[in-house]
Amino acid sequence: MPSESLLSAALELDPTILEYAFTKRVALASPVNLWAVLKTVAYSWRQQVAAEQVTEIIKLGQELYKRVGVVAGHADSLRSALDKAVKSYNEFAGSLERNMLTTAKKFPGMDPNITLKEVPAISSATEGFRKEELTSDE
1 MPSESLLSAA LELDPTILEY AFTKRVALAS PVNLWAVLKT VAYSWRQQVA AEQVTEIIKL
61 GQELYKRVGV VAGHADSLRS ALDKAVKSYN EFAGSLERNM LTTAKKFPGM DPNITLKEVP
121 AISSATEGFR KEELTSDE
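Going by full-length UniProt numbering, the first residue of the sequence shown is number 1, and it counts up by one from there.
Hints listed in this document are in silico derivations from the structure and should not be mistaken for laboratory results.
Incorrect hints may have been included.
[To be verified] Derived DSS-like pairs (lysine-lysine); straight-line CA-CA distance at most 27 Å:
| hint | residue 1 | residue 2 |
| --- | --- | --- |
| 1 | K87 | K117 |
| 2 | K84 | K131 |
| 3 | K84 | K117 |
| 4 | K131 | K66 |
| 5 | K131 | K59 |
| 6 | K117 | K105 |
| 7 | K24 | K39 |
| 8 | K87 | K131 |
| 9 | K131 | K117 |
Only a predicted model underlies this, so the values are computations on that prediction, with no experimental measurement involved.
Input sequences plus hints: build the corresponding full structure.
As structure tokens, this is what we get:
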């Protein structure tokens, strides 16, 4: 309706006109009412978009959290492999000093004053994760 007064006049002549219009899926509105309805609809759409974005952010956060767990599992496997490599190296260094050098010095004509470069053991071990989220088996 082009003006509030025309809508009021129509309602005075036929109080059921609004109900009839709604049954036909038509909303009678004056410019002021239409403006308020449009603002309300626009606000509702913005809220719907914001809610969808929040839902997507939550889904992404959950997926990221799962993937952090997978990466933590890989890191723990790597730590275990490094610990095993350090242990193997230390066993090698000990065997070299105890067995090979002792036997090599028994060769006839070996100069006992020749010194070989020391093969040091690796004393530090890796540290595992401490946070429960990164250590659980779930």
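Against the structure, the hints come out as follows:
1. K87 <-> K117: Since the Cα atoms of K87 and K117 sit roughly 21 Å apart, the hinted pair holds (cutoff 27 Å).
2. K84 <-> K131: OK: K84 and K131 at ~23 Å, within 27 Å.
3. K84 <-> K117: 24 Å, holds
4. K131 <-> K66: 15 Å, holds
5. K131 <-> K59: 23 Å, holds
6. K117 <-> K105: 15 Å, holds
7. K24 <-> K39: Holds. K24 to K39 sits at ~23 Å (cutoff 27 Å).
8. K87 <-> K131: 25 Å, holds
9. K131 <-> K117: 42 Å, violated
The earlier numbered hint that this structure contradicts is number 9, and it is the only one.
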